[in-house]
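Number of protein chains: 2
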Amino acid sequence: MKIMKKTTLIIAAAALFMAANTVSAQNQEQRLTPEVMARLFPAGVVSPECNPDGSVTFRCQAPNAEKVELECQMYNGNRPMVKDERGVWTLTVTPDVPDIYPYAFIIDGTKIADPNNMYIFPNEGFKYSIVDVRGEAPSVQDIQDVPHGKISYRYYTSQNCKGIVRPMCVYTPAGYDPKGNEKLPVLYLIHGMTDTYETWFKVGHANIILDNLIASGQAKRMIVVMPYANPYIEMMAQGKADRYDSMDTDLITNEIIKEVIPFIEKNYNVLTDSNNRAIAGFSLGGRQTLACGLGHPELFKYVAAYAPAIFGNEYETNFANGTYAPIETLKKELKLMWLGTGKDDFLIQASLGLEEYLTKQGLKHTFYNPGGGHTWMNCRDYLELTAKELFK
Amino acid sequence: MKIMKKTTLIIAAAALFMAANTVSAQNQEQRLTPEVMARLFPAGVVSPECNPDGSVTFRCQAPNAEKVELECQMYNGNRPMVKDERGVWTLTVTPDVPDIYPYAFIIDGTKIADPNNMYIFPNEGFKYSIVDVRGEAPSVQDIQDVPHGKISYRYYTSQNCKGIVRPMCVYTPAGYDPKGNEKLPVLYLIHGMTDTYETWFKVGHANIILDNLIASGQAKRMIVVMPYANPYIEMMAQGKADRYDSMDTDLITNEIIKEVIPFIEKNYNVLTDSNNRAIAGFSLGGRQTLACGLGHPELFKYVAAYAPAIFGNEYETNFANGTYAPIETLKKELKLMWLGTGKDDFLIQASLGLEEYLTKQGLKHTFYNPGGGHTWMNCRDYLELTAKELFK
Chain A
1 MKIMKKTTLI IAAAALFMAA NTVSAQNQEQ RLTPEVMARL FPAGVVSPEC NPDGSVTFRC
61 QAPNAEKVEL ECQMYNGNRP MVKDERGVWT LTVTPDVPDI YPYAFIIDGT KIADPNNMYI
121 FPNEGFKYSI VDVRGEAPSV QDIQDVPHGK ISYRYYTSQN CKGIVRPMCV YTPAGYDPKG
181 NEKLPVLYLI HGMTDTYETW FKVGHANIIL DNLIASGQAK RMIVVMPYAN PYIEMMAQGK
241 ADRYDSMDTD LITNEIIKEV IPFIEKNYNV LTDSNNRAIA GFSLGGRQTL ACGLGHPELF
301 KYVAAYAPAI FGNEYETNFA NGTYAPIETL KKELKLMWLG TGKDDFLIQA SLGLEEYLTK
361 QGLKHTFYNP GGGHTWMNCR DYLELTAKEL FK
Chain B
1 MKIMKKTTLI IAAAALFMAA NTVSAQNQEQ RLTPEVMARL FPAGVVSPEC NPDGSVTFRC
61 QAPNAEKVEL ECQMYNGNRP MVKDERGVWT LTVTPDVPDI YPYAFIIDGT KIADPNNMYI
121 FPNEGFKYSI VDVRGEAPSV QDIQDVPHGK ISYRYYTSQN CKGIVRPMCV YTPAGYDPKG
181 NEKLPVLYLI HGMTDTYETW FKVGHANIIL DNLIASGQAK RMIVVMPYAN PYIEMMAQGK
241 ADRYDSMDTD LITNEIIKEV IPFIEKNYNV LTDSNNRAIA GFSLGGRQTL ACGLGHPELF
301 KYVAAYAPAI FGNEYETNFA NGTYAPIETL KKELKLMWLG TGKDDFLIQA SLGLEEYLTK
361 QGLKHTFYNP GGGHTWMNCR DYLELTAKEL FK
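Chains A and B, in that order, give the protein sequences. As numbered in my numbering, the first sequence has no gaps in its residue numbers, which increase by one up to the final residue, 392. As numbered in my numbering, the second sequence has no gaps in its residue numbers, which increase by one up to the final residue, 392.
Just to be clear, a hint being listed does not mean it is correct.
Note that the list lumps identical chains together, so a pair holds whenever it fits in one copy or between two copies.
[Said to hold, decoys possible] Once the Cα atoms are required to be at most 30 angstroms apart in a straight line, the calculated DSSO-like pairs of lysine-lysine come out as:
#	residue 1	residue 2
1	Lys150	Lys183
2	Lys240	Lys392
3	Lys240	Lys150
4	Lys162	Lys392
5	Lys67	Lys331
6	Lys388	Lys343
7	Lys111	Lys183
8	Lys388	Lys332
9	Lys83	Lys360
10	Lys392	Lys332
11	Lys183	Lys360
12	Lys364	Lys335
13	Lys179	Lys266
14	Lys67	Lys220
15	Lys67	Lys183
16	Lys335	Lys183
17	Lys67	Lys343
18	Lys388	Lys162
19	Lys240	Lys220
20	Lys343	Lys183
21	Lys111	Lys360
22	Lys150	Lys258
23	Lys111	Lys335
24	Lys266	Lys183
To be clear, the hints were calculated from the coordinates, so they are not data collected in a lab.
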């Protein structure tokens, strides 16, 4: 290579870049400036670009579009992007606080993930990208130079779901020893509606939050299991379900109890008593958490619902019809009942109702009601706070 | 819930669906028909839909677009999609053979991933979606009811890359025991240019291929390590590199030898002699494989290059300047030298040149030259064939 003519290498590199679906490349070795990136990467732009002043510049190449907007959870609503002479639409935004924000471009009404950003929000339906705006000091959700656990993608055959193979993500902390003397407690952590088993990992940074909390002694060492709470898509694809019942909690409660817990307790070095099992979940996963957790205090002593998708006063019904265990049982059994919902969350009313009901019934609980809405920025906050309370 | 009025639940479900970024939902429990999916999922369409006759229907909602095309690796070039009265663009295509195909929509010149498909091609630049068209009988790349290994996401701090934290994916086979008597051999498997450490997992199905080959006795039990061969993006983001040298192989060779191998041999129950180490890679990863593997026969006895990004006769230069070990050394040391490149691969000429050179020099090798181009359909084929040859 050292003897090859520069021009040959330039052509070679260009060919490879073209094959990688890029626009053009004129040199294989140079500064990775936005201009160079623009040549190397397909949509011809760098996006997002986190600037030293804390702002973020988003760019979207759509020369033929009439209108491009940025939907970004840094703010409410959509904001128009501005087109330059190359057909690249740009907008620079500064978030109030550094955080990890989902965003999407809306090109003439069609919402898309940022073609230049490798970080995607795992979801069955919408496609958001995520941008990680870091502050001066690293936060609990930023990867730091501490011992790192791992996320494993596991697969099991679910009889509860008619024999389909199902995935899950499992976090094990640094130094976890499958055969050692240390048996770990387990948190079962459930995603929201249309999210997947990857969302708590890729967007929720569950592994990084746990790494940092464990390294600083703020959380107990634990395993975190992230099952896939929506089996319907694959079941229907295989002709094993003919309808999608999103509000029903029986299928996922059975999945956790009959499939996921046994799989974990067979394959991991864990404690298997209810004092060492917790369940938490966001949104629809919060609904499932309440059904599975409050319904089974013999299995879970720690229950945490993040902006749970419950409606009206259905918790009263659930206590009355046996979906949840009797209040008196829960008073005796539960070590933690935690409810967190943001003030701007569209589900706040039901959480306020549940909170009032639990208070009236005398069930000890924590209610966390910060600012913010139905977002993963809040979710990471909820996870951090509850992880500190578990198994203590 | 069972007592709540149906209308309340309908409103509740609708609110949740809206929050999940959907268009509308009129019932929480009904058949998951395309019409229902269209209401539940944001872009309002089901895509892709694999039909019983082996065809695939792609749908893209873009009511304001002038032109929408489907780029799909089932065929060459782009094909126009047809707009219906709802503004949904549709095209049905039948692949010649069932396989896993990348595709993208091109809306008025802007290439995007399918907003409705949760399966994304991990890449730094372009955003393709992937569709898995299954045949009558399951193939080696389809998940089957066999014992499943796992993919773990691991993180390490790389001194070779100036202290940044780096990710990798690691496959361990079913029944792997970190402390048991069985020590496993290791395949280091590298992605192509602009791909990431996830691409061999999510697109290459490396874990599924190995699960199936191991279950049927066609491959030895092994660990497969998928490092991230491009550290430049994160290094530049942290101000620790000021240029992107894609053709250089020194940084990644050092990364594998000084960081990745020591990490694996410290953290996994593996065999640590050269008879039990293999290296393989695709495209730019093939270039890196040749440099690292042929350059270090004291470390690797098995070397497999898939459509390697080598240009002109630079292999002669690399043998001459010591980037590769002397041919006579390789003749003595290597147990497998495997080269695979498709007949339609844009890099075929260099592979033909290398093949001729190795023949002339008397270095025993396998040359696999099937149909197909510079694609991941071919990659999975290459991995299947080489995995059967390793450590035997």
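Going down the list of hints, with the structure as the test:
{"no.": "1", "hint": "Lys150 / Lys183", "verdict": "both (17 angstroms within a copy, 21 angstroms between copies)"}
{"no.": "2", "hint": "Lys240 / Lys392", "verdict": "neither (42 angstroms within a copy, 41 angstroms between copies)"}
{"no.": "3", "hint": "Lys240 / Lys150", "verdict": "between (33 angstroms within a copy, 25 angstroms between copies)"}
{"no.": "4", "hint": "Lys162 / Lys392", "verdict": "neither (38 angstroms within a copy, 38 angstroms between copies)"}
{"no.": "5", "hint": "Lys67 / Lys331", "verdict": "neither (56 angstroms within a copy, 62 angstroms between copies)"}
{"no.": "6", "hint": "Lys388 / Lys343", "verdict": "within (22 angstroms within a copy, 57 angstroms between copies)"}
{"no.": "7", "hint": "Lys111 / Lys183", "verdict": "neither (46 angstroms within a copy, 49 angstroms between copies)"}
{"no.": "8", "hint": "Lys388 / Lys332", "verdict": "within (22 angstroms within a copy, 58 angstroms between copies)"}
{"no.": "9", "hint": "Lys83 / Lys360", "verdict": "neither (57 angstroms within a copy, 57 angstroms between copies)"}
{"no.": "10", "hint": "Lys392 / Lys332", "verdict": "within (17 angstroms within a copy, 60 angstroms between copies)"}
{"no.": "11", "hint": "Lys183 / Lys360", "verdict": "neither (38 angstroms within a copy, 59 angstroms between copies)"}
{"no.": "12", "hint": "Lys364 / Lys335", "verdict": "within (9 angstroms within a copy, 67 angstroms between copies)"}
{"no.": "13", "hint": "Lys179 / Lys266", "verdict": "both (12 angstroms within a copy, 17 angstroms between copies)"}
{"no.": "14", "hint": "Lys67 / Lys220", "verdict": "neither (50 angstroms within a copy, 55 angstroms between copies)"}
{"no.": "15", "hint": "Lys67 / Lys183", "verdict": "neither (56 angstroms within a copy, 59 angstroms between copies)"}
{"no.": "16", "hint": "Lys335 / Lys183", "verdict": "within (20 angstroms within a copy, 43 angstroms between copies)"}
{"no.": "17", "hint": "Lys67 / Lys343", "verdict": "neither (33 angstroms within a copy, 43 angstroms between copies)"}
{"no.": "18", "hint": "Lys388 / Lys162", "verdict": "neither (37 angstroms within a copy, 33 angstroms between copies)"}
{"no.": "19", "hint": "Lys240 / Lys220", "verdict": "neither (40 angstroms within a copy, 34 angstroms between copies)"}
{"no.": "20", "hint": "Lys343 / Lys183", "verdict": "neither (38 angstroms within a copy, 54 angstroms between copies)"}
{"no.": "21", "hint": "Lys111 / Lys360", "verdict": "neither (45 angstroms within a copy, 56 angstroms between copies)"}
{"no.": "22", "hint": "Lys150 / Lys258", "verdict": "both (25 angstroms within a copy, 21 angstroms between copies)"}
{"no.": "23", "hint": "Lys111 / Lys335", "verdict": "neither (44 angstroms within a copy, 51 angstroms between copies)"}
{"no.": "24", "hint": "Lys266 / Lys183", "verdict": "both (13 angstroms within a copy, 22 angstroms between copies)"}
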